[in-house]
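Knowing the structure of chain A, use the given hints to seat chain B on it.
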Amino acid sequence: MPKLHWEDFQPGAVAIYGPRLVTREEIVAFAAEFDPQPMHLDEAAASATLLGGLGASGWHTCCLMMRIIADGFLLESSSMGAPGIEEVRWVKPLRPGTRIRVRATVLDARASKSRPEMGLAKMNFEVLDDADALVMTLITTFMLGRREVAP
Amino acid sequence: MKYFEDIRVGDVTMTGRHTFTADEIKAFAQRFDPQLFHLDEAAAEASHFGALCASGWHTAVAWMRLMVDHRRGLVEAARTRGEPTATIGPALGLRDLKWLKPVYVGDTIDYKTVVTELRMSNSRPGFGLMTTLSSGVNQNGEPVISFISTTFVERRPEQP
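Taken in order, these protein sequences are the chains called A and B. Mapped onto my numbering, the consecutive letters of the first sequence carry residue numbers 1 to 151. Mapped onto my numbering, the consecutive letters of the second sequence carry residue numbers 1 to 160.
Incorrect hints may have been included.
DEER-style ranges, computed between Cβ atoms [stated by the list, open to error]: (1) ASN140(B) with ALA32(A): 29 to 35 Å; (2) THR137(A) with ASP23(B): 29 to 35 Å; (3) LEU100(B) with ASP71(A): 26 to 32 Å; (4) MET14(B) with LYS3(A): 43 to 49 Å; (5) PRO143(B) with ALA131(A): 38 to 44 Å; (6) LEU21(A) with ALA27(B): 20 to 26 Å; (7) GLU24(B) with THR137(A): 25 to 31 Å; (8) GLY141(B) with ILE16(A): 40 to 46 Å; (9) ALA46(B) with ALA133(A): 41 to 47 Å.
One-sided and incomplete, this derived list gives chain A residues near chain B with beta-carbon spacing under 7 Å [what the hints assert, rightly or not]: (10) PRO36; (11) GLN37; (12) LEU51; (13) CYS63; (14) ALA70; (15) ILE85; (16) GLU87; (17) TRP90; (18) LYS92.
Straight-line distance between alpha carbons at most 25 Å, and here's what the computed DMTMM-like set of lysine to aspartate or glutamate pairs gives [to be verified]: (19) LYS101(B) with GLU117(A); (20) LYS112(B) with GLU33(A); (21) LYS26(B) with GLU26(A); (22) LYS92(A) with GLU117(B); (23) LYS122(A) with ASP71(A); (24) LYS112(B) with ASP96(B); (25) LYS26(B) with ASP108(A); (26) LYS26(B) with GLU148(A); (27) LYS98(B) with ASP108(A); (28) LYS26(B) with GLU33(A); (29) LYS3(A) with ASP130(A); (30) LYS98(B) with GLU33(A); (31) LYS2(B) with ASP42(A); (32) LYS98(B) with ASP42(A); (33) LYS3(A) with GLU117(B); (34) LYS98(B) with GLU87(A).
None of these hints come from the bench; they were simulated from the model. From a predicted model like this one, the values you see are computed outputs, not experimental measurements. All C-beta atoms in this analysis are idealised placements derived from N, C-alpha and C, irrespective of residue type, glycine included.
Chain B extracted, bound-state conformation:
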């Protein structure tokens, strides 16, 4: 992960893609969001969604997993080059999370994250706060999710 000083507003991360299967949609819903339109095909068809669709939380955490995997790749690459890497997280929160369209069985969501704001942290002098806009589009190019989140990113240690 880049240090806070090396991040610029407008930096884009192509976070990755995830395809939602019926089995995982139902398994997630069973654990965390057992509303019938996320669990049962027939009930979903009779609902306003018209077909089985993923819990909105499922669509969100799929982004998180892809982002963590992406960062892990960056950290490993930097280690191979013998470069230090910054720690990131935790996040303070998020806002304006929008579930714009249902994610149906077999949909592939392509996620990306753009840096929208950078500021110093008053409470944690060794860290900055990075705000990003993350979004996902389905295989038809239709936006399905977007949200803004803010997280701590380590600043470059001062040289001795």
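Just chain A, same shape as in the assembly:
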């Protein structure tokens, strides 16, 4: 049984998940598989790009954030997935050796009119580096099962 239900996502609540060390090897491995642009694969080539040195694919940062929040709370929740992502901003490059954390803020929570068994929680996720600088922000709305009401 999930521990967390829609009712547990109160607007204004903030939690921090992680840290997670991001290695050069995994940055290159992800890029080789999903985003093989030189700026994610090779130091010398990356230095000549706007990234100014090797940095993770932005999609990799999204996927790392997904894993951190899955382990952090989502797997023990009644999550029914998310219909999409409102916005992602890649604020600064994610460099090898960075220890990232995710700050999660509940922006809004509302019941579903059409589906009484679920509710929606709009969340702002901020990926932070070792110095608490913003690497990425992501806003999304989760569908979550509601706690069963006692008869």
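Frame of chain A, contents of chain B only:
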């Protein structure tokens, strides 16, 4: 890759197709999105999805891989002709990413990308900003994903 000046709003790229197998859906989910409906057939059947389906991030990064491969082909062709090519990226971000339908085992997604906006970059004078709408449809013609993203594209160097 074309220089910023040579790109037009409305330009379409047929990015390519990808077929999602059960093994790769589970392998991706194991690494990045270990929710049971992306990992386990029986659990997925009992969920609101009804069957094993790919993580939405998996559906998105499959587009990225196809796009990078497509651009690489363009760069190689231009090099063969002895023409210079523009550098592209990184992206600033994306918005309105919609997972419209689940991607189930064996689905083949056909992706395309359309240029929707072009503007100069204030912060990087040698670059422009290209906004595109990317989308994917399954083998039944049903849209499964769409998103809008914005990326830097190099401007044509001034002639000496």
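Are LYS98(B) and ASP42(A) close enough, with their CA atoms no more than 25 Å apart?
Cα-Cα ~32 Å, so violated.
Verify the CB-CB distance for MET14(B) and LYS3(A) against the hinted window 43 to 49 Å.
46 Å, holds
Status of the hint placing LYS92(A) at chain B (closest C-beta pair under 7 Å)
With a closest approach of 11 Å, the LYS92(A) hint is violated.
Falls inside 25 to 31 Å, the C-beta gap from GLU24(B) to THR137(A)?
29 Å, holds
Run the distance test for LYS3(A) versus GLU117(B): straight-line Cα separation, threshold 25 Å.
Violated: LYS3(A) and GLU117(B) sit about 45 Å apart, past 25 Å.
Take the shortest C-beta to C-beta distance between CYS63(A) and chain B; is it under 7 Å?
Hint on CYS63(A): holds, closest Cβ of chain B at ~4 Å, below 7 Å.
Does ASP96(B) lie within 25 Å of LYS112(B) when you go C-alpha to C-alpha?
Measuring from Cα to Cα gives roughly 16 Å; hence the hint holds.
Confirm or reject the claim that LEU100(B) and ASP71(A) have a C-beta distance inside 26 to 32 Å.
Holds, at about 27 Å.
When you take the CB atoms of ALA46(B) and ALA133(A), is the distance between them in 41 to 47 Å?
42 Å, holds
Against chain B, with CB atoms and a cut of 7 Å, does the hint on GLU87(A) hold up?
Nearest chain B Cβ about 5 Å off; hint holds.
Given GLN37(A) as an interface hint, is the shortest Cβ-Cβ distance to chain B below 7 Å?
6 Å, holds
LYS92(A) and GLU117(B): Cα distance at most 25 Å?
23 Å, holds
Comparing the model with each earlier hint shows violations of hints 18, 25, 26, 29, 32, 33; every other hint is respected.
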